[in-house]
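Asks: Residue strings, one per chain:
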Amino acid sequence: MRPILFRDALLVDPVAAEPERADLLVAGRSIAAIGAGLGAPDGAEIVAAGGCLLAPGIVDACVFRADIEAAVAGGVTAALLMPDQNPPLDDPALVERALRLGKPRVWVHPLAAATRGLEGRALAELALLREAGAVGVATGRRAVADSAVMLRVLTYAAGLGMVVVAHAEDGALAAGAVATEGEMATRLGLPAAPAAAEALAIARDLRLAREAGAALHIACVSTAEGVALVRAAKAAGQDVTAATAPEYALLNDHALMGFRSFARLSPPLRQEEDRLAVRAGLGDGTIDMLVSRHDPRTSEEKRLPFADAAPGAAGLATLLPLGLLLVADGALSLSQLFDRLARAPARRFGLAGGRLCVGAPADLVLVDPKAAWRIEADRLPGLSGNTPFDGLPVEGRLRMLVKGGEPLCGAPATPRRDEAGRFGDGRAERS
Amino acid sequence: MASLPPGAPPFAHRHLLGIAGMQPWEISYLLDAADGWVDHGRAARKRDERLLGLTQINAFFEASTRTLLSFEIAGKRLGADVVNLMAGQSSLTKGETLLDTALTLNAMRPDVLVIRHGASGAVALLAEKVGCPVLNAGDGRHEHPTQALLDALTIRRRKGAIAGLRVAICGDILHSRVARSNFYLLTALGAEVRAVAPATLMPADVEAFGVSAFTDMEAGIAGADVVMMLRLQRERMEGALVPSTREYFRTFGLTTARLRVAAPDVLVMHPGPMNRGVEIDSQVADDIQRSAITEQVEMGVAVRMACLDILTRPLRGWSGP
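These protein sequences, in sequence, are chains A and B.
As numbered in our numbering, residues 1 to 431 make up the first sequence, in order.
As numbered in our numbering, residues 432 to 752 make up the second sequence, in order.
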């Protein structure tokens, strides 16, 4: 393994207040040195970073598919896989298999199904699943409807020291709904549930987790009331964390206009005041993590009338540029962004990574923050490109991905404008 | 009343997918054209040949009798070859995606497609995939534009104009595409529109349509020039959204006594089919002075003839009046 020396990079360590320009040396599987004018060891690969961002590899705390191509393209070096697989991750053998899906390029960390078959009735074999490698327990795409079952999940997981990842949507209110209640759903004539469906579920799970003494993680906060509940629980000292996806901080339910099924998400896109609250929650740390909720869907699942289309969006390949959009927008600082993207998830789920310091694992992204490109659904790397951001111009392109000290290829180069002024994907230029 | 701006094409849309986004003069243009077809429909010989040789497919993915019949008669009176596809029951849709069905239909080379579907937005989705004009005959809870046009034509012929009228639309607004299309159309033409429904059948933020919401029937229809009743589906009145049929009739049913608070010359309308004794009393429905319910059906044919005529003009080489 050749050492790698990054010269003159803008180092983004999530715990530092400000990024600093310096050199960084990778030797073996970890960061060996940081400083100005580092000497290059023999045989080292020298990367002239030219002020590009060098940051910890993204630890994506929520993906629904182990889509390795998309992860590599998006600078994701570790991903927490939700248990909603086919079959659900309620058996140790399935967890062991999931663990191997991405190695060596991306480390997939499975979350154990909270209940057998994710049916919300009987406890899954959580201790065996943990032994097999599950890093937490998750309710999956749906909340556990029965409060007694949820209390048992939380109590049992607390005994094992596992974090419980809860989907926060009241099942009865959300049943059949494909949009959040409000003007847009009314105009489009779509079945809708009130935003309170999320608050109800968060309030219940917070209370049950307190009862059980469990560590709770809200998989996706999308409403103003949800943010307020998490904020209050944290202020009261409860062991709770929360995540959201870029969609909820950047889009509102106006994206449904024209029945665009790429904007059909679960939880649904909310109204503007909710978006602003989510954005503020990400900034002040109420929402700890920014996750992709990567859910690639085939065109057969999406090219349907809005209410019949499958929910979910592909998000791995766009997580970083959309995060940088929030930075450009003033919602987050660069350090905060990489805290939400890497450090907070790593800490919460006991994973290595998320830091840029000597001795930390060499999972790194080198990002050209000013490289402009356009998100195009039919050109996104990975299994599918169903993104509600189709057509959006963004900045920030991965130049290099290092996983465990190894430089990874496969990340597309910075796209450039062709003579007609369009953005190409630049793949031809890379070789 | 908005009039046609000079030089503009009178109806510059390829499809008729909804009333939302239509300009007042476009609506008026369609209504004027439809008005011209009313007398034609009353003559002994009703055949016009302008759509001769054109194929019209009525693809209904949701059961319908009256709307399908109305579109079929409208097409035939214009000379088109009309084919009905009850896709809801046909093997065409079994295991086949909606878009494959659209491609199949398109390969039959229709000149105009009339589509009804149970999902909001489905007709617009299909319209993207076919090479001919598409008429929305109702998509989910979203829009039913020809119904709103025929309602407007009925009102205009009875009342002379729409601007300034107070129109109360009463009943299951939440699930009604008729209500939504009427909100857009009547507010665009300057009517004062009221949405009257029990709170469980009133959609959120209904005021965004520019209408006012009432959960009390008497207050809602007070002084109304037009009372438009909506059908309440049976499965929604047995405790799910309203407690019972008799409670609904007591609180929201349109009776002669209740109608006294409306304007003396109030016009009563219903898109059909009616649930007599649930949302409307027979005495009101059959009152020939006030009820326009059968007239609505007649206007339906005229409106659909106008829409079929106008939408097929480009392929008939028609180039302006």
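Just so you know, these hints were derived from the structure itself, not from any lab.
Don't take every hint at face value.
A few chain A residues that face chain B, going by a derived Cβ cut-off under 10 Å, partial list only [to be verified]:
1. 3
2. 151
3. 155
4. 156
5. 184
6. 188
7. 255
8. 299
9. 300
10. 303
11. 304
12. 308
13. 310
14. 311
Here are some of the chain B residues that sit facing chain A, going by a computed Cβ distance under 8 Å [as the list claims (entries may be wrong)]:
15. 552
16. 553
17. 634
18. 635
Beta carbons are placed, not taken as given, at the ideal position from N, Cα and C, and that holds for glycine.
Asks: The structure should be examined with respect to each hint, and the outcome stated for every one.
Replies: Okay, the hints, checked on the actual structure:
no. : hint : result
1   : 3    : violated (54 Å)
2   : 151  : violated (30 Å)
3   : 155  : violated (36 Å)
4   : 156  : violated (37 Å)
5   : 184  : holds (9 Å)
6   : 188  : holds (6 Å)
7   : 255  : violated (14 Å)
8   : 299  : holds (9 Å)
9   : 300  : holds (6 Å)
10  : 303  : holds (6 Å)
11  : 304  : holds (6 Å)
12  : 308  : holds (6 Å)
13  : 310  : violated (13 Å)
14  : 311  : violated (15 Å)
15  : 552  : holds (3 Å)
16  : 553  : holds (4 Å)
17  : 634  : holds (4 Å)
18  : 635  : holds (4 Å)
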